[in-house]
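*Asks:* If you read the protein sequences in the order shown, they are chains A and B. Under this note's numbering, the first sequence has 110 at position 27, and the numbering climbs by one with no breaks. Under this note's numbering, the second sequence has 185 at position 102, and the numbering climbs by one with no breaks.
Source of the hints: derived by calculation from the structure; they are not laboratory data. Idealized CB from N, CA, C, for every residue including glycine.
If you anchor each label on the Cβ, the simulated ranges turn out as follows:
1. A:Thr446 x B:Asp141: 54 to 62 angstroms
2. B:Arg497 x A:Thr446: 47 to 55 angstroms
3. A:Asp342 x B:Thr293: 34 to 42 angstroms
4. B:Thr293 x A:Leu354: 33 to 41 angstroms
5. A:Asp298 x B:Arg497: 38 to 46 angstroms
6. A:Ser122 x B:Ser137: 52 to 60 angstroms
7. B:Asp334 x A:Asp364: 31 to 39 angstroms
8. B:Thr293 x A:Gly97: 42 to 50 angstroms
9. B:Phe511 x A:Arg145: 58 to 66 angstroms
Which stretches of chain B does chain A cover? Using the computed rule of at least three CB atoms under 8 angstroms from a CB of chain A, they are:
10. 113-125
11. 170-184
12. 292-299
13. 321-328
14. 358-368
15. 378-389
16. 410-420
In case you want the letters, here they are:
Protein chains: 2
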Amino acid sequence: MSAVKDVLDHVDAGIDKGLERLFELVRIPSISTDPSHASDVRRAAEWLAADLRSMGFDANLRETEGHPMVVGHGPKTDGPHVLFYGHYDVQPADPLELWDTDPFEPVLRPQPDGETHIVGRGASDDKGALMTFVEACRAFIDVRGSLPLNVSFLFEGEEESGSGSLAGFLEKTAEELRCDAVLVCDTDMWDRDTPAVTTMLRGLVGQELTITCADRDLHSGMFGNAARNAGQVLGDVIASLRGENGSVLIDGFYDGVEDLDPAIAELWAELPFDEEAFLTDIGLHIPAGETGRTILEQVWARPTCEINGIWSGYTEPGFKTVIPAKAHAKISFRLVAGQDPEKIRAAFQRHVRDQLPDDCDVTFADHGLSPATSMPTDGAFMQATLKALSEEWETKAAIAGTGGSIPIIGEFERRLGTNALLVGFGRFDNRIHSPNEKYDLSSYHKGTRSWVRILHALAHAN
Amino acid sequence: MSAVKDVLDHVDAGIDKGLERLFELVRIPSISTDPSHASDVRRAAEWLAADLRSMGFDANLRETEGHPMVVGHGPKTDGPHVLFYGHYDVQPADPLELWDTDPFEPVLRPQPDGETHIVGRGASDDKGALMTFVEACRAFIDVRGSLPLNVSFLFEGEEESGSGSLAGFLEKTAEELRCDAVLVCDTDMWDRDTPAVTTMLRGLVGQELTITCADRDLHSGMFGNAARNAGQVLGDVIASLRGENGSVLIDGFYDGVEDLDPAIAELWAELPFDEEAFLTDIGLHIPAGETGRTILEQVWARPTCEINGIWSGYTEPGFKTVIPAKAHAKISFRLVAGQDPEKIRAAFQRHVRDQLPDDCDVTFADHGLSPATSMPTDGAFMQATLKALSEEWETKAAIAGTGGSIPIIGEFERRLGTNALLVGFGRFDNRIHSPNEKYDLSSYHKGTRSWVRILHALAHAN
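Take these sequences, add in the hints, and give me the full structure.
*Replies:* Here is the structure:
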């Protein structure tokens, strides 16, 4: 029988109340990238601080130049000290018309396979995920009056918009936030039944560019052919980024990128992963990345160059025969080990400038700049976590890579000198950043139970 | 002394009141392409019908499936019968932030060179232009109690959005609108001092395309590289349209297009046209069209392919690391003699489909489909018009080409069996379709005076 059966039973009995709390948080449209939602972002921070205080934490908001941080410290106790990091901001919900329900009015939707989906923006990323840890702490306090080890919280409100304030904040509060391990819940399980600790993350370079040709929009009948068209120039630039074989054509882009270690390639080849199903599930059937590399390699181990948004000229209903003077694009790169984000940014900007006719101009704005990171897999905390996860899910936990980026993981290492443990209960089909984002009820419930076991295991590690 | 000195003097004395009437019309935001402005479009039609009635015309609105037509007939008199065509709809005013003043609150702005600009959307295209003819008629009626010939009006409210109802309307009302000449005022002067009759117009094919890749927007960390990016595909499509030498790469695009007649080339070479000034005036210095062809040839005699608008993915402030499932573009072609609009449309759609990966799809919507037209330059009406213009401007009137399209000109020929006479007082720098559109006060004033002379000349032609 588990040493934390009393706490686990309490989690089971209180799942409905736990869901109500998550719903309250999801209802707050804390879209960090959209200035018009700034007060909603703050409201989500205040909700979390109040919730932590209700559990006996010393918790409050800390102002930054962007959105506020939430910092909370539990009552001092014996044992090691963990810092839990999560983010309370969410991605924009557009395109709204593709949602089946209001993104900020979460609902439970029972599924034919017996699962129940919690549907709403942030239900998974990261509100549902971070609340699994909060609920685990609450269960300990409810049942035993205390936590089995020292727990602090750091909640950020700018993760979806580049974490602009985090590095400076960690630098300033390094003493206060010093800990033995950073716990993060923002990743996926290996599959529906297999829990995972993620140890490889890609870096991110986000760039917004504005190309300017003529000094005003022009009439295509009077100036067509003769005047450079900014939409055409942007198309030429975009086409120049990727070759027919799917590789990125920016000079020096793959410098320092090593081919996949054959041992890891072998390990990944054994994983239950269906390339065809991966594509058909999203309505496609032809892999778009570098030819000759598996999809897992493409999404976990190879750097990307993706167009995230483009706009130019007349985009309203109807037609306007205009030659646009300006064209815009948001373009991002996922980086792997060996790539220097600043060098990639410089190479990209040089590449774009090289494509432009001499009488056109381009400006760039930064939206994120972080290197890839990988965490060591030995260590007592890691081993204790894997064991606790394996017990809860009754199957051996996996050590996984991910194609995503959590830029702040590297910051914890640099600013606090502490490695992060990335445990997540998300599933591959959660549609994070997409319409109809969902979190499985079993992710929420067994995720909370998993943290109960992990907290107990970490308290007794070493 | 002119035979119409009394009428011209009346125009001079009444210019302020004429401006007030134009301002009233410009204040109505009759943007035909934007459904939210439908009632404004109708309001502009009603304003014109009421103005014609105040001059003794039998004028009213005629419903269509789109915006209404305004038809007006003056009192029967001796002499030939002319039909004046103009359009009372305007282009959208965006981007609004680039206007120095409210686009729908016209203002007079005196210039350093002594000219005065009438600034507002439609001040030139086509409200200012059509009112020159209305004011000329009013002056005759005010001074002499009658017009020197039979005058009918046809005002359209869909010219800026493809003239969808016009062909059918002309077909239906051919008997009622039968006339000896169609007069149109929607073109430019040769230069500030030289009036012009335009005898060559390009055709237009407008296409809106939507590319669909995945069945939803995707997270670039989870699907980047592997999943096709619609923004990337659109960029590839756009880049495939034009070669490095500026030529259009669609298969068969130049079929039937003849090189410029050496005699016309020689004539154009003698025209006072400064290629460098043409480009520097719009902030550019490198011609973008086919290498080896002059700018006048590029904009008057060569077909175009221009990107009018593109959009895909996240285009709001901030950043969203999304792989867009869809990408959109509005693309138009100006056609010259020898090009069949239906063949061009088919060739374009085939070209786009050929660029797409097999698991992506594209749909097209039509926004205009008309061939190029050219008018004969002999004939008594043409000669009378050139003579009247030369008298008013005290310099020989030019016979000019234009890069623009007035698709309905061909319709008049087909449906009514009548050629059009295109007389315009616009200037090259009027910024039609752009922010800060203007019409010179001298265009308005001397344009009205020109029509007085032309009406008199046409009444005595033959």
